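Chain by chain, the residues run as shown.
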Amino acid sequence: MSVADIQVEEHLAHDDHGDHHEQSFISKYIFSTDHKTIAKQFLITGIIWAIIGGALSVIFRLQLGFPEMQLEWLRPILGKWITEGGKLDSEFYLALVTMHGTIMVFFVLTAGLSGTFSNFLIPLQIGARDMASGFMNMLSYWFFFLSSVIMFVSLFLETGPAGGGWTVYPPLSALPQAIAGSGAGMTLWLVSMVFFIASTLLGGINYITTVINMRTEGLSFSRLPLTIWAFFITAVIGLLSFPVLVAAALLLVFDRSFGTSFYLSEIYINGEALPNVGGSPILYQHLFWFLGHPEVYIVILPALGITSEIISTNSRKPIFGYRAMIGSILAIAFLSFIVWAHHMFVTGLNPFLGSIFMFLTLIIAVPSAVKAFNYITTMWKGNIVFTPAMLFSIGLVSFFISGGLTGLFLGNSAVDITLHDTYFVVAHFHLVMGSASFFGLLAGVYHWFPKMFGRMMDERLGYIHFWSTFVGVYLVFFPLHYIGIAGFPRRYYSFTSFDAFSSFADLNSFVSLAAILTFGAQFIFLFNFFFSIYKGRKAPKNPWNSNTLEWTTPELPGHGNWPGAIPKVYRWPYDYSKPGSESDFIPQHIPYSQTPESNLPHEAELAKKEEISQVNESK
Amino acid sequence: MLDFIIVLAVILVLALLLSIFRVATLVGIVKGDSKQKVPVSNKLQATLLVVFMVLGIFGFFYYSFGGLSEDYTQPLASEHGVVTDRLFWITMAITGFVFIVTQIFLFGFSYKYQYKEGNKAYFYPHNNKLEYIWTAVPALVLAVLIISGWQAWVDITGPAPEDAEVIEVMGYQYSWAVRYGGADKKLGDYDYRKIDVVNQSGIDFSDKASFDDFIPTKLYLPKGRPVLLQIRARDVIHSVYQPHFRLQMNAVPGMPTRFWFVPTKTTQEMRTETGNPDFNYELVCNKICGKGHFAMKYLIEVLEPEEYDEWYASQDAWLKQNSDYLAQVPEELQEMARIASGMEAEQIESEGKSVVSSTY
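Chains H and Y are the protein sequences, given in the same order. Last residue of the first sequence: 619 in the UniProt record's numbering, with the numbers rising by one and none dropped. Last residue of the second sequence: 360 in the UniProt record's numbering, with the numbers rising by one and none dropped.
Simulated from the structure, these hints should not be mistaken for lab results. Keep in mind that this is a model prediction, so the values were computed, not measured. Treat each hint with caution, since some may be false.
[Said to hold, decoys possible] Below, a list of computed lysine-lysine pairs in the DSS-like style, where the Cα atoms sit at most 27 Å apart:
#, chain 1, residue 1, chain 2, residue 2
1, H, 538, Y, 37
2, Y, 218, Y, 297
3, H, 535, H, 40
4, Y, 291, H, 87
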């Protein structure tokens with residue numbers, strides 16, 4: 001039993017003596033060390049960021065879809081970024097693209113997804129009273145909050161926020177003379193990212209420690225729900241890769257402010273030859289993508305974990321190939337560290353290195369394919385209940401397949417020569433990483449909302465939300481493949497300068513329209529979310545008849561999660577529709593000795609041992 | 001006034017939606033929806049999933065095979081492009097097949113195995129044989145893709161043929177500059193510290209090879225001959241991208257890069273092929289480089305080899321056009337520079353007397 005456990009139990013015992021002390025508002029809701037409250041803080045901050053990030057994309061989609069449109073009506077918000085002719089400023093366009101990427105990748109899909117569900121589910125699903133270190137967990141949120149504030153402030157700078165693309169490649173990001181966004185905006189970007197990384201590391205260390213040390217009795221790694229496996233491995237990936245981004249950012253800070261030449265060499269700009277020689281912009285790209293590629297999996301693995309849980313529960317079937325699923329998570333995690341240079345095939349990388357990275361990159365498709373096949377087989381011969389969470393999970397699998405397959409084009413260095421940095425790439429990662437993870441996040445919210453707030457979300461609004469978002473996402477991102485095959489470059493303010501890109505004006509308008517409607521549909525979710533927190537139907541203890549431990553807690557678990565002793569675990573989390581069993585689910589805390597009718601031969605052995613140990617205990 | 005009416009209308013619509021939501025919720029409570037074991041509209045959702053799949057696949061094929069007669073492929077005009085295009089379409093066939101089949105299974109199973117009262121799901125935790133198969137088959141297919149892609153990659157990125165036309169392409173905010181080697185077909189050195197308003201490329205005139213270099217206003221290419229682009233950037237990273245040649249290589253400050261290829265169609269031929277009399281090959285910047293990134297364009301003209309040679313021979317050296325820069329040539333090479341750049345020849349013609357160069 002760990003130290004935290006003992007402390008909480010003492011605390012509970014303390015309560016029993018009737019000396020109950022109310023927590024103050026500040027320690028309960030603001031500087032809280034309770035993992036559930038911290039999860040909600042991450043979730044709500046993530047939702048706010050998602051609205052901002054989405055709104056930014058709507059603004060630049062207006063420019064792309066309707067280049068002739070008068071945007072004068074945006075002046076109250078955007079001020080001088082609307083030119084005198086009533087158009088969007090072309091430099092601010094780049095800032096919008098940059099901030100949209102940064103916000104969505106880091107603030108929504110990393111902090112919003114891992115921060116919410118790792119925090120919420122790890123203690124609940126492994127049977128712990130809280131995280132290993134509640135204080136570090138609190139710090140993790142507040143570092144994230146600080147980082148958010150700094151990034152938010154950068155949006156309002158006179159020179160605009162960072163504008164060199166979310167990857168902020170130097171020299172563009174190092175030289176304020178090259179683009180206005182590389183001035184104060186870029187400084188704030190770097191500072192914000194350093195705090196963000198500190199937050200991620202504090203969280204990650206906590207998740208790893210908690211999963212390793214604080215699992216309840218009987219919960220071996222081979223009985224761990226796939227959600228926990230995914231969060232655990234995600235934290236490990238983050239812990240190994242995020243520090244490299246700090247290194248990259250730090251060298252960039254030196255180049256920007258202290259005259260070093262890590263990334264700068266032989267530059268002549270604005271009528272001036274800079275003194276820097278000997279640096280390499282490619283070095284930055286290597287460092288950045290050493291984080292950047294694992295980051296993709298940091299974003300998608302938790303979503304896949306959540307999906308595994310939801311698909312299994314709602315198909316009323318065990319997840320197909322539990323061990324293969326764990327194996328593929330491990331394989332993806334390992335491979336994610338040795339594929340980064342596939343982002344750099346046409347940067348002037350040594351072609352031999354390109355060959356190696358093509359080989360490694362395409363290998364990663366194998367474990368990904370296994371995961372997709374296993375999801376589909378899990379649904380085969382199921383008895384499927386379409387809750388909104390289930391629909392979002394099915395949507396995730398669909399996006400994961402559609403977007404994953406286009407990875408086979410981009411990972412192939414010869415084919416990538418043409419497709420690199422075109423809209424094909426935009427379509428690819430928005431489906432496989434953006435939309436798929438986003439659907440994982442939404443699925444998770446719909447599924448665990450009852451445990452978070454003790455109330456149910458409205459189902460019908462959930463369906464409307466799902467259908468408008470699912471159809472909308474496909475209508476936004478599928479057409480981009482065609483635009484990409486035609487060679488349209490990404491991060492272009494307008495395509496009118498080139499004859500080669502004179503087509504597709506209609507398709508671009510269509511995409512923009514779909515994007516606006518899809519964004520609008522998210523307000524249905526927002527209404528449903530906030531309305532249900534206060535006015536939703538009261539949730540039962542286990543609304544989805546699910547097996548994992550969090551559903552054994554009270555309707556609205558309090559501090560310490562279980563009012564009594566922590567339940568023991570006797571079986572894996574996927575005993576759905578077991579032959580012989582009356583009920584179509586057997587929760588993890590039910591001993592085999594209580595289910596003799598459904599035990600498999602090797603489980604009958606375990607049941608005997610259980611009985612013996614119970615007898616011993618009672619003696 | 002109009003604003004006020006709009007705001008009022010929006011509020012009314014929202015209020016209306018809210019009341020519909022409340023009424024529907026109350027009806028649900030009366031009907032006892034929450035006591036149902038599965039969502040009331042379970043069957044509807046299953047049906048919608050299949051409808052979505054059928055419409056989606058129909059739309060995919062309809063658009064992909066030209067249903068709206070929008071052409072999403074760019075005509076091809078390079079030798080290696082034939083190989084990469086073939087790879088692209090092979091990959092498309094394989095992934096397209098997998099895409100359709102898996103989506104059919106995903107949505108089909110959703111419909112077929114939707115909840116039915118009294119049904120029990122089939123307890124099927126694993127099947128090792130099945131899992132080995134679907135690990136091995138993708139691995140094999142990928143191996144084929146990797147090997148064919150790797151061969152193409154090695155050919156494309158390998159050293160350029162000896163006789164390739166060497167042309168320098170330099171990116172800067174926000175245009176391109178190209179430089180040819182001149183009569184000696186050798187590009188002279190450059191030094192970024194020598195860049196000024198006139199000498200945009202920073203040609204270094206202490207190198208003999210630079211005297212006859214010339215800088216035209218378009219990128220001219222010979223059809224059917226290998227061309228080696230030596231690529232560099234002056235300020236930030238740019239990317240030399242040409243969709244018709246299936247060509248892309250970043251231009252990096254401080255790190256010269258290269259790309260070689262063989263153009264296969266002249267600009268004239270492309271004008272006939274595309275039916276567009278104004279067709280021009282364009283050099284595109286494809287790496288975010290600042291405010292003017294989206295307009296960083298340069299024209300390319302592909303000529304028949306003979307036309308190209310003729311054009312090439314007719315070009316004046318940059319040094320001849322900017323004779324002030326003769327001052328940058330070291331003393332002992334000045335005479336040579338005058339001859340190599342063609343300044344001497346002009347003098348001879350104009351003064352009508354023969355000069356025997358003493359430097360040779």
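Here is what the structure says about each hint:
1. Our distance criterion of 27 Å between C-alpha atoms is met by residue 538/H and residue 37/Y, whose separation comes to about 16 Å.
2. In summary, the hint linking residue 218/Y to residue 297/Y is supported, as the alpha carbons are separated by about 10 Å, within the 27 Å threshold.
3. Restraint check for residue 535/H and residue 40/H: satisfied, since their Cα atoms lie roughly 18 Å apart, inside the 27 Å limit.
4. About 14 Å separates the Cα atoms of residue 291/Y and residue 87/H, which keeps this hinted pair within 27 Å; it holds.
Checked against the numbered hints above, the structure breaks none of them.
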